[in-house]
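> Just so you know, the sequences run in chain order A and B.
104 is the number that this note's numbering gives to position 107 of the first sequence; each next residue is one higher, with no gaps.
214 is the number that this note's numbering gives to position 234 of the second sequence; each next residue is one higher, with no gaps.
Hints in this document: simulated from the structure, not taken from any laboratory.
Please note: incorrect hints may appear among the correct ones.
Just so you have them, the derived chain B footprint on chain A, three or more residues with Cβ under 8 Å [as the list claims (entries may be wrong)]:
1) 147 to 155
2) 164 to 178
3) 284 to 298
Here's a subset of chain B near chain A, in silico, CB distances under 10 Å, partners left out [to be verified]:
4) R19
5) A140
6) L143
7) S149
8) L153
9) D154
10) T208
11) G212
Being a predicted model, the structure only gives us computed values, none of them experimental.
Note that CB positions come from ideal geometry on N, CA and C, so glycine has one too.
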Amino acid sequence: MKLALAGVSHHTAPVELRERVAIDAEAAGALARDLASSDESYEVVVLSTCNRTEVYVASRGGDAAGAAEGALLTLAGDHADTLAPVAYRLADESAALHLFRVAAGLDSLIPGEGEILGQVRDAFEGGAAGPLLDRTFRMALHAGRRARLETAVGESPASVPAAAAALAQQVFDGLDGRCVVLVGAGRTSEVTARNLRSRGATVSAVVNRTVDRAERLAASFGARAVPLDDVAAALASADVVVSSTSAPGFVLTADVLAAALRARRGRPLLFVDLAVPRDVEPALAAIDGCFVYDVDDLEAVVAASLEGRRAEAVQAERIVAAEADRFRGWQASLAVVPAIASLRALAEQIRSSELARVEGKLPENERAVVDTVTAQIVNKLLHLPTVRMKEAAVSPDGLVYADVVRHLFGLAEDDGT
Amino acid sequence: MAELLVWPALLAYGEAAVAYAGGLRGPGRYGRLGIWGVRIGWLAQTALLVAQLATTEGFPWGTWAGALNLFSWLVVTGYLLWGSNPRYRLLGLGVMPVAAVLLTLAWAGGGTGVDASVGAGWALDLHVGLMLAAFASFTVAAAVAGLYLFEERRLKRRDARLLRLRLPSLEALDRLAARVALVGLGLLSAGIVVGLTRLDAADVDLAMTITLGVWVLYAVTLLLRWETALQGRRLAWSLLAGLALVSVVLPLTHFAS
Chain A
-2 MKLALAGVSH HTAPVELRER VAIDAEAAGA LARDLASSDE SYEVVVLSTC NRTEVYVASR
58 GGDAAGAAEG ALLTLAGDHA DTLAPVAYRL ADESAALHLF RVAAGLDSLI PGEGEILGQV
118 RDAFEGGAAG PLLDRTFRMA LHAGRRARLE TAVGESPASV PAAAAALAQQ VFDGLDGRCV
178 VLVGAGRTSE VTARNLRSRG ATVSAVVNRT VDRAERLAAS FGARAVPLDD VAAALASADV
238 VVSSTSAPGF VLTADVLAAA LRARRGRPLL FVDLAVPRDV EPALAAIDGC FVYDVDDLEA
298 VVAASLEGRR AEAVQAERIV AAEADRFRGW QASLAVVPAI ASLRALAEQI RSSELARVEG
358 KLPENERAVV DTVTAQIVNK LLHLPTVRMK EAAVSPDGLV YADVVRHLFG LAEDDGT
Chain B
-19 MAELLVWPAL LAYGEAAVAY AGGLRGPGRY GRLGIWGVRI GWLAQTALLV AQLATTEGFP
41 WGTWAGALNL FSWLVVTGYL LWGSNPRYRL LGLGVMPVAA VLLTLAWAGG GTGVDASVGA
101 GWALDLHVGL MLAAFASFTV AAAVAGLYLF EERRLKRRDA RLLRLRLPSL EALDRLAARV
161 ALVGLGLLSA GIVVGLTRLD AADVDLAMTI TLGVWVLYAV TLLLRWETAL QGRRLAWSLL
221 AGLALVSVVL PLTHFAS
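Using the sequences and the hints, build the whole thing.
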């Protein structure tokens, strides 16, 4: 049974090429099923994300590598000639290890990013997996889950909006129902607000010098528009303030807000200042319960997170390598399966023929006892050789055991007896 | 023989403290090793306490060393109840070394033996047990409050590594500290009521006065917590002040005998 992979990723191909072979999950599933139906020995899974398109083919006897590469180049259409030099082709253990690393997020642009595990699962479920790919993808998903569970490779935020949301979660016990106030109706604060909203927060007000502009953004969040002069009142119920105006100086100052903030009696308020020049006066951080993060602070948090992810990735690589070893052992054991099956078939054939010779000479109850006892003898006799052959299969000369068994018992190469 | 149980308990608590220190580098097996150390140590110490109870007449923890033994067990019990999950591993780093030191002192003072008994009637024994449980709760509450102040300081200072060593949110810590202190106040109230049943007017002394002072401090703190807005750093500092008072009361009232 051969496993082959052909693909392109952000490591090998620019976006102009990757987009030529990028397809959605539904099309990837359809492609996998089409290819699998072209040869009944093929198992196919197609993984296509914004960073990679990979075709996994497993086959007994067929040209798995050729099929995988052919499918990829067909996807590229007129650009096949340009794509071919940057495509990677991997086989067996290398292909499996690659898939394990992909599932763990170790091959991603941002180490440990979480989305890829779900994309691998979707590709697997939408594809045409058989015994080999089923086991390979299940082990890859297991490796991906272990890497995330046992290390912090996927824990820290990798973007400024995600860092702002993660910081808010360090202040508040969950963001469900938390009030977010946007100061400034710019694109940056909108993206950050959407990130917070995706975690359960509610945008309650959009404060802007120009109320018309605030109203447009407020409508998209179901919030109210507030003129800048009323910002102190708007903050009374706020938990997170995201600010990104283009004002030349501080918009939220201690002078303007001190009374309103003191009235909160220490109730936490997180200021996320994404503006340059800054909107939030740093002196606000001195007020009890107020936390002020500007864009440099957030970028420092992201940088530290990415550094942490890279450090954790070393540990995650070890987990993936261990899982790849398990896969190698399992795949090697497959090589001796035909010999084991043949041996068991031979034993069963002998047992059945010997039983047939005493057919009619024994009472029914005694024949049943003999049937059971002989089956147990066969099983017990063959148990240890079966285990030993599977264990030995992992070693470099492990297949010699299978050959010896075939020779000693006169077994044919595949399934003969 | 039962006294030998102090060693596995001490070893496990020590292992937990070391594992929690290792866990500062990140999540994973260190945190789990720490939690298992706490669990195993707690089981060993529980077995020790049961053996003491079964083999001695009266109250086995009436001496200062015996009371330390029970107190350290109560502190670890409080931690196991409220804080033994990976997010709270720093709390374990604060609690477990203290528990190990207290247990060592208890052992050195003979409080882990099976023949140290100073029984004085069930009411007084119950009073001592309730007071120790209350003080243990206040100790855990103060540890949580300390964790709150640590996390708040990191947020205020905009520590870039804040998310690499994630702690529970400020709100969660604030709520947990208040909840544990409330349990402690309930136990303290019960302990005082039981103690009052045996009290003569002439028995009132400084220790009892300070104990009542502790009760008033915690009651007022928690009342303000719910009625107004004594939360966050103010609550945390109040709980730490309460612990300071407790650490005066504890030797005076229970360890002086």
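> Taking the hints in turn, state whether each one holds.
Results for each hint:
no. : hint       : in the structure
1   : 147 to 155 : holds (count 6)
2   : 164 to 178 : holds (count 7)
3   : 284 to 298 : holds (count 8)
4   : R19        : violated (20 Å)
5   : A140       : holds (4 Å)
6   : L143       : holds (5 Å)
7   : S149       : holds (5 Å)
8   : L153       : holds (9 Å)
9   : D154       : holds (9 Å)
10  : T208       : holds (7 Å)
11  : G212       : holds (5 Å)
Against the hints set out earlier in the document, a violation occurs for number 4 only.
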